[in-house]
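Asker: Produce the entire structure from the sequences given, and follow the hints as far as they go.
Protein chains in written order, with our numbering: chain Z, 31 to 383; chain E, 31 to 383; chain S, 31 to 383.
Since the hints were derived computationally from the structure, they do not count as laboratory data. All figures in this text were calculated on a predicted structure; none of them were measured in a lab. There's no promise every hint is true.
Identical copies go unnamed one by one, so any copy, or any two together, can satisfy a pair.
[Said to hold, decoys possible] Below, a list of computed lysine to any residue pairs in the SDA-like style, where the Cα atoms sit at most 25 angstroms apart:
hint	residue 1	residue 2
1	367	352
2	367	114
3	367	88
4	300	225
5	367	99
6	231	36
7	82	321
8	300	361
9	89	138
10	82	184
11	231	99
12	300	226
13	89	52
14	231	279
15	89	150
16	300	315
17	367	318
18	231	98
19	89	106
20	231	188
21	82	333
22	367	351
23	367	355
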Amino acid sequence: VSLEPGRGEYTLGEIADWVGGTVVGSPATPIRAVAGIEEAGPGELTFLANPKYRAWLAKTRAGAVLLAPGIEARDDLAVVRTENPYAALAKVLVLFDPGAPDLPDGVHPQACVASEAEIAADAAIGPGVVVGRGASVGARTRLIGNSTIGESASVGGDCLLYPGVYVGARCRLGDRVIVQPGAIIGADGFGYAPSEGGYRKIPQIGIVIVEDDVEIGANACIDRATVGATRIGRGTKIDNLVQVAHNVAIGPGSALAAQAGVAGSTRLGKGVRLGGQAGLVGHLRVGDGASVGAQAGVIGDVAAGETVSGYPARPHREAMRVEAAMRRLPELVRRLKRLVGATPEDQKGQDES
Amino acid sequence: VSLEPGRGEYTLGEIADWVGGTVVGSPATPIRAVAGIEEAGPGELTFLANPKYRAWLAKTRAGAVLLAPGIEARDDLAVVRTENPYAALAKVLVLFDPGAPDLPDGVHPQACVASEAEIAADAAIGPGVVVGRGASVGARTRLIGNSTIGESASVGGDCLLYPGVYVGARCRLGDRVIVQPGAIIGADGFGYAPSEGGYRKIPQIGIVIVEDDVEIGANACIDRATVGATRIGRGTKIDNLVQVAHNVAIGPGSALAAQAGVAGSTRLGKGVRLGGQAGLVGHLRVGDGASVGAQAGVIGDVAAGETVSGYPARPHREAMRVEAAMRRLPELVRRLKRLVGATPEDQKGQDES
Amino acid sequence: VSLEPGRGEYTLGEIADWVGGTVVGSPATPIRAVAGIEEAGPGELTFLANPKYRAWLAKTRAGAVLLAPGIEARDDLAVVRTENPYAALAKVLVLFDPGAPDLPDGVHPQACVASEAEIAADAAIGPGVVVGRGASVGARTRLIGNSTIGESASVGGDCLLYPGVYVGARCRLGDRVIVQPGAIIGADGFGYAPSEGGYRKIPQIGIVIVEDDVEIGANACIDRATVGATRIGRGTKIDNLVQVAHNVAIGPGSALAAQAGVAGSTRLGKGVRLGGQAGLVGHLRVGDGASVGAQAGVIGDVAAGETVSGYPARPHREAMRVEAAMRRLPELVRRLKRLVGATPEDQKGQDES
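Answerer: Below you can see the structure in the form of structure tokens.
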């Protein structure tokens, strides 16, 4: 099924066809926007992806809702049934997406592009963008503004770089890469050799390779390798303010949530997920499909498929058991003291606890 | 009482009037600067806001000190008595503040402003600033340099945007908003639907609304909503490197310390405080006046007025009890083992502990 | 020994002389690049600095390896013996370093430099750089592009500022300072006095002083002092996304790993090390040579030479004992309950644990 995005209004029937779902209710229902289940009103399509909001099905004023099979809705609420409402939402939003910032093809007069750079004819280089000698920018790629592409760096085709992005010398971005504002790709890694005169800088002469279909979040940092390459695998998604240190390798299809950090030379497999603010020390291996909880502190290898959490990170089940035991601890300590007597710690006085 | 800022020198009497305090000592004492209690010398005013520095009252070489009632000072030290020395400091510093970067009204020739943008006549648009089609900038607002205001975005009056700021398309900033350098308002939220071909991007078509009197720290990130709006309530203060995810709502008068992170759709009430590096998972409610400790990991709702800390976050008192019990734990475990015998874990060998 | 960097190829003998080591094997072995032990091939020099990769000595295809005394290598593998392979690596990489971005001396026509600024004749000011009134830039310093040097700020000689850097008004950088992209030096500190009308901003009129030989990471933030100065001591190295709050003082030769945060007025001594994501609350003293583990949460002073870790941070040995005890806890709690009976917590039901 094909629909033209940006038309402004669609019927519910058109939308159901577009996402491969089925209408329960009137297919002629007009849909002019998408909104959250709490805010949606008439003419607006909403969705239920998180069961936490299920109670809102009874109250929503939305014109229609994207709903998984097996979840009941009110009789007067039009529904598009679909196996995966979240994936359907992704498709519907394409219809209503105002799209990336508007920028005419070619090099803006306020950009600064080295004469030896290779810019595709239908690429767009916005105002304030600096492109160094020997760099290349592929077909249909948009560099919105105030970004820097270093010497001999390459940006593939169909990429979108928001303002204030840095791509360091010789780094390479594949096709369809999206870089949110302020992200830094290819700053020097944090490498120093202690010596009598203080820390001696180890030149960071490697690069960063960002494969196809990667997205990198706002103000995230991916350091260049000391030697060789820091590598972000195909289809990996990196959230805002994430730190990826030198010589890290991240497998394809991984996802790193905001403010996570990965120290030097650690390798993540395929389809690995890191929760927000999770931290991994250097030189670890994290197996395919492993999952690291938010704020976890990982100090050892993680096996494929394993879920770890806590500080230091343990297999999630064990972490839950430790956590449950900790909650009971004060009461048990009190009872225990009756059995075994006071500890030397207890005799130090009150001010410490 | 009215005093002209920037005069360079004031008498202690003038300053006491300015802050609504009373002088103990000579009102003619000249004050030419403000300094910390450890560094201040003659002609400099200092303050005691944190009791940790109380011992310095006996040693300071300052010309005078802002002091709360009930705290004794040396006889030879001039004092301005005031109920709230920290608030008084805020007032005094206005007198000595060199102010925001100097920038003439109008659009700098090295800026790039779309002809369809609406710029107040007395706004100042600095070099390297890019303003998109349909955007608006209010009266007396200063955009220092190298910032981007996206298409149809609006910035209110009396705002100050430091260099390198990004305000995404259609986002809205109220009046008197201050944005520190490098802050990103309106990057895409981190939303993907897992599908067979990998993560499918969910277009983020919502906006960010920043209400009046908000301040946003350096390199902080506020993501645009998937649909609807991410909202930062009136008078809220956000520190450096904070992450606010899509569809988060933060009530008025809240304060988020550096490197804190709030995951998607979580709602903070009025006057909520987050400590540095605190993290909140998505879809939570945090009640009015609640307080989250530094580095806390919040995985459940927090009631109004509650103080939580630790990982996972618990009511602060309980966290303190658990912490105290943990400190006693090694000793107790040793004693306990004598009572109940060794665990299987103990028999695994030494290398693990 | 003197060698010209950038020659492209060196003999192993030349390299051994250059680093003060001795060759085991043929000094005529040609070296054209440096690579990690897993990736290196013929003509490439590798190194063994981390014992974790020792097994690779048997497998590496490298042309030669930098190796500490006492570690055996295969007979057919050429070796440069050196006391400190990591320091030797730093030296060798200088030979192969393509160097900082190329930028001609002088002010680029697309820069914006106030006429009252003082720029050394052999400094280089790249496109999009803004330099304010009264600012100064020293000899041989390179400002790559799109950075801002505020009014009356000073940048010393032989500095390198990557794109998107902000140096606020009146802040001072010493000589040989390197600032990675997007770092913010001298944004306002997070200071507000609670008042009836909400938070009242405390003007931040102090500065930042960055001493000689400091390096500051990508998107890191160093806030200006409320009054006085935030100070980064000589030779200190700060990694990406680190937060240094107002009035912090960091002694010379310290190292702060990525995403660490130091709250206001805390003072670190000489040679202090902070692990990644470590957090320190305000107004603490951390003694010379102290070390803070990754993700540690420091809420009290740390003595000179001490190593702390965990949350809240404890002396590392104690933290290890607590951690070991926690691991045994679930099993012990189970046994203990048999002795002392169930706690009230146990009777609340299953859904909580």
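Asker: Taking 25 angstroms as the upper bound on the Cα-Cα distance, should residue 231 and residue 188 be classified as within, between, both, or neither?
Answerer: Between copies only: 15 angstroms across, 37 angstroms inside.
Asker: With identical chains, the pair residue 231 and residue 98 could be close in the same copy or across copies; at 25 angstroms between alpha carbons, which is it: within, between, both, or neither?
Answerer: For residue 231 and residue 98, only the inter-copy Cα distance (20 angstroms) is at most 25 angstroms; the intra-copy one is 56 angstroms.
Asker: With identical chains treated as interchangeable, where does the CA-CA distance between residue 231 and residue 99 reach 25 angstroms or less: within a copy, between copies, both, or neither?
Answerer: between (59 angstroms within a copy, 23 angstroms between copies)
Asker: Classify it for me, residue 82 with residue 321: is the Cα-Cα distance of at most 25 angstroms met within a copy, between copies, both or neither?
Answerer: both (22 angstroms within a copy, 24 angstroms between copies)
Asker: Regarding residue 367 and residue 352, is the shortest C-alpha distance of 25 angstroms or less found within a copy, between copies, in both, or in neither?
Answerer: Intra 20 angstroms, inter 15 angstroms, cutoff 25 angstroms: intra and inter.
Asker: Regarding residue 89 and residue 138, is the shortest C-alpha distance of 25 angstroms or less found within a copy, between copies, in both, or in neither?
Answerer: neither (50 angstroms within a copy, 52 angstroms between copies)
Asker: Which holds for residue 231 with residue 36 at a C-alpha limit of 25 angstroms: within a copy, between copies, both or neither?
Answerer: between (52 angstroms within a copy, 18 angstroms between copies)
Asker: If the cutoff is 25 angstroms on CA atoms, where do residue 300 and residue 226 land: within, between, both or neither? Let me know, please.
Answerer: Between copies only: 14 angstroms across chains, 42 angstroms inside a chain, cut-off 25 angstroms.
Asker: Up to 25 angstroms between alpha-carbons, please classify residue 300 paired with residue 315: within, between, both or neither.
Answerer: within (12 angstroms within a copy, 34 angstroms between copies)
Asker: Indicate which option fits the pair residue 367, residue 351 if close means a Cα-Cα distance not exceeding 25 angstroms: within, between, both or neither.
Answerer: Close inside one copy (22 angstroms) and across copies (15 angstroms); limit 25 angstroms.
Asker: Pop the pair residue 367 and residue 88 into one bin, within, between, both or neither, using alpha-carbon distances up to 25 angstroms.
Answerer: neither (53 angstroms within a copy, 46 angstroms between copies)
Asker: When no copy is specified for residue 367 and residue 99, does a C-alpha distance of 25 angstroms or less occur within a copy, between copies, both, or neither?
Answerer: neither (55 angstroms within a copy, 45 angstroms between copies)
Going through the hint list in order, the structure does not satisfy hints 2, 3, 5, 8, 9, 10, 15, 17.
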